[in-house]
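A.B. asks: Make one complex out of these two single chains by using the hints.
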Amino acid sequence: MSDTGDTGDTGWRRLHPLSPLLRGGLVFIIVVGIVVANFRDQIIRFFFAQSFGDTLGSVEEWGPGRLIDYLVSNGLVLVALGVILGVLLVIVGLAWVSWRFLTYRITDEAVEERSGVLFRQHRRAPLDRIQNVNLHRTLLARIIGATAVEVSTGGTGGKVTLRFLGHGDAIRVREQILRAVAAKREREGASAAAPVPDGSRPPMPQSFLDARVSDIADFDVDPAAAAAGALIRVPPGRLIGSIALSTEVFILVLIVIGISVSTIWASPFVLFTLLPLALAFIGITIGQANSGWGFTLSRSGDGIRVGAGLTSITTETVPFGRIHAIEARQPLGWRLTGWWKMRITTAGHSLARGGQNKLQNTVLPVGGVDDVLRVLDAILRNEGTPDQNESLRDGLDGEAAHYLRAPRRSVWVLGPGRRRAGIDIDHSDSTGATLRIRGGALTRRFAIVPLGRAQSVQLHRPPAHRLLGLGTIQADTVIGPIRLLRRGLDRHDAEQFFESLALAVIGAQQNEGEDRPCSNEPADSE
Amino acid sequence: MSISEQPWSRVSPKYAWVDLFVNTLFALVAAGIAAALLLSRRLELAPIPIIVASAIVLGLLVNAVLAFRRVRAIGYVLREDDLLFRRGIMFERMISVPYGRLQLVDVTRGPLLRALGLAELKFITASTATGVKLPGLPFAEAEALRDRLVELAETRRSGL
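Same order as they appear, the protein sequences are chains B and W.
Using my numbering, read the first sequence as starting at 108 and increasing by one per residue.
Using my numbering, read the second sequence as starting at 1463 and increasing by one per residue.
Hints were generated in silico from the structure; no laboratory data involved.
Virtual Cβ for every residue (Gly too), placed ideally from N, Cα, C.
Heads up, a few of these hints could be off.
[Claimed, not checked] Some chain W residues judged to face chain B by a derived CB distance under 10 Å, without partners named: (1) TRP1470; (2) PHE1530; (3) LEU1546; (4) GLY1550; (5) SER1558; (6) GLY1562; (7) THR1587; (8) SER1589; (9) THR1590; (10) ALA1591.
[Stated by the list, open to error] Here are some chain B residues pointing at chain W (derived, C-beta under 10 Å): (11) SER367; (12) PHE427; (13) ALA454; (14) ASP533; (15) SER563; (16) ARG568; (17) PRO569; (18) GLN581; (19) ILE586; (20) GLU606; (21) LEU608; (22) ALA609; (23) LEU610; (24) GLY614.
One chain only, chain W, in its complex shape (with noise of 0.2 Å):
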């Protein structure tokens, strides 16, 4: 089977407003801030800071409107023999861990993700760069997939 025709598991979109919530607000105190300096200026405003700054702010904007296609973008497959991830919009990235590299899975829940009834996963091999990270899961899902994730990765371990 092909990549793209992997039946792709979703991560919830509950989440897409996490991370719009924390992507607004980053971008707002950006514009704060760069309004602070501007100002401090006493007036004398140069355009090209001006277009600069609104620049980098509307950017940031964008990028925190793109929450809902980024986090359509998050998929899982767990494969016979490894989990498939992919993420990312505009970069693009596509992971296959096999179950038996495994060694921790970790279940996190911040105060943004409790509040929506969420946990974030993440893999961790023996390579840092690895860096698979499923967040917004609902809480017994992420539990669930943990579990199993552990048992495959033992499994995968003593069938050797």
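With the rest of the complex left out, here is chain B (with noise of 0.2 Å):
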């Protein structure tokens, strides 16, 4: 292996040698500030004693500066930075000991990480339980060069992250271990060539390993490739009018208008209530623009590939087979500009974090209606035919024409939003079929799951929808932030359209093999 951080082990590696400092970068930053601020008029007057001479006074009584004058006046200068150096010796070399000790390695089975000195902790990711790879770079980190390479599976908190590399070695990492991955999944891809009559393989890891392993594969494009095929790029320019004309400034306009006005005609404590509130947004907006920045988003085999990130980068690989549903929203401002931004459910990740991931799920912070268009198409793995593209933009913008709609007497229960209200089966009868909710009122949304990742589907009738004579579809999708609900359907409609919707989740259930989601294999217990 001719990467750097080789170890006489075989196979393990060792981390970047300024990782512990990266990962202590923050603490270290605020205890050089802390000292330089309280030692600050000790320094320039030991420095500057001639020039400065007395003007600065002594005010302290007893303290750190103090100490420094006593320490100054006996000569002992010579031993006090002594003593601060083995204290910093004693840290670097203790730091040096974890480094050490902190190894990697990926091998034909798993990536794995030995880490502790006293306490010796050995992790192992499973590459065939490996959901994606991911890369963040913090501003510290991309200052010296390093990359954090997170390596993601299943479980909760289940992940193996390599904090930090180099960043050509954290590429090569994940590239090596996205090729151990297909290597595995070839590996195992030749024993389940030959197909066994039903039931007598056992299905379950079979299907589970194809899932995941598919989830990832041919993802070892190089970056020039990555770059052509970059499918959205958002320029600076539209996500600062994004937010500009976002909900949020909205309201922080109104605040600080609140505040003025309060200010100049009533009680200036007003505020004391109103000015947390309004740091509140601005920090939300400055959030915005900064995991925004440079948004990139492109298309690799079998996923889609994420990036962004102003101060910290994070580059994430979403693999189609763990979408679960994908909705586009236009605030009310947006309007103005046809802009949409977009999100996405995906399996593992938003249950594992709590929706908390870097990116937070998006996969366009704004667009036009075409930037939508080929984010879909990406997602949806169409071919971009005007028919599709036809049927997308109807449901996301248009008249919604085959659409199933709301009654005019629905308006008890939707407001203003019956007028958008629809629903409707794309492709019904086949594996791609995708069930699509258009809705909102003030905030326009446009929600697709493909069917294939429905895990249920349900009909409700709450008591003011069964005064009306009304019904409620929902599909249900693994957790995430989009919520999939039609209210206020007409009561036969929703009964038909219940029934349809079932038979086409089962159709395109049916002949669907290989990317199926992760969260399928099953088990009873009592």
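C.D. replies: Structure representation (structure tokens):
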């Protein structure tokens, strides 16, 4: 193996030598900051005593400053510096030892990480459990040229994080992992190539493995190809514009107006209640700009790769098989410009990290209708034919001609959202069948569920709906940010729709072998 | 076949007694707490809290008495490729779960259910929203149904 960081041990490699510094980076900076802030006067006086003389004066009675004075007057500066140096050496030594003991390797079977001196820890992510490999670079790491590699597996909190590797190394390691996964799939695939008639071969690990591996296979595209295949880019201007038109900024402006008005005409104390709120909104908007900056989405062999970030950059790969729902939203202010944002529900992710994954499931921070269609085509693996695009555009922004619409009386439960409300099954007789739900009054929404991913479908009739003779259709997917619910349909329509939806779901799941979602293995317990 | 004409299987009517017992107990506990709260005000009884409290308790009692209707409303059908389940009288709900999506089938028996020889069957998919529960099946029937469903789930998968 030509990569840097070889240890004597077979296959085990070490991380970037500066990784302890990066991991403790923030603490280190804070400590330096505190030291500088506290000893500023003494340091200045120590070096510029002649020129400034006594003008600085001594204010402290006793304390760190006085201690330094004492040390200076007794000629103990060298001793003190020696002590500090000693402490630093011990810290560096400990960091070095922990670095020496933190090793990882990629074998034919798993990605492994060993750490700890006294308490040894050994983490192992079997290749067939690996869901995706993400790269993450914080600002400090980027300055040093390091990157964290995050190997996530299905389980909650079950991931191996290699913090940090050199950037080149990180990319190599990712490709190596993905190649190992693909190689394993090929080995397994050879044994699976001879299909055994139903029942005799153990179905569970097979479909599981296939699902897992097809998730990430064919990932080792070289960066140039990835760049050439980049589907969507979000220019900074559009991102800033979108934030300026967002609901958050609208509320922020209202708050600022409120603050100004109230301080002029009313009690200035109102300021104290509104200010924290305003700060929170400023934080949100800055966060949006930061996380959406330089957003790119590209279609790689078996998934989409999204990357973004201003200070810290995250690259995530989402395999197609793990996308369970897609949603496009248009906040009120964006109607002026025709912008939409999109997010997805993925398996494993949202459950494991409570929706706190780096990109917050965003697959498009802001984009026009054409961008939305391109992202949808990529995720649904459409060819982007005019027909397909026309049907998507129709649901997103058009007349929704084929859709089952909400009757007039449903205005009592839907309000102004009635006019947009609609639901449809596209290509109901194929494995590519999707459920499409549109709705929204102020914020317009358009959600798509590949029916192969749906876990169950429901028909409800809560009291208000019963009273009006209405029904609600719901599709259940894995936990995620997208609600898949169409309220306020006519009762009989809803019943018929429920029937055909249940059939379409079964049809879509009957022949789709390879890319079933991860969480599909049965078990029974008592 | 339309939904209303499905040959619904029902859970054991005995389960209604469990439902009634639990809900009545809940209503009585609520009534006790309300009474204690009202009496602790040293008989300066304002009318509004009394009305509110008795309305809540009455609602809970009515809810308890509806146990028989509620249990009759629970139904399931094993169709060719999916499990169809319904429940609820006020909040009516109908759920279709393809067999291939069943991940776990749990059989649980609480002390009350055990006393009546019943068991609860719970179906788990990758979605937490599915929430299909069949309370109050006779124990043997519950086990047989579980085995049948696990088998169906298996065949649907290997037939892929």
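A.B. asks: Hint numbers the structure violates, sorted upward?
C.D. replies: Failing hints, ascending: 1, 2, 11, 12, 14.
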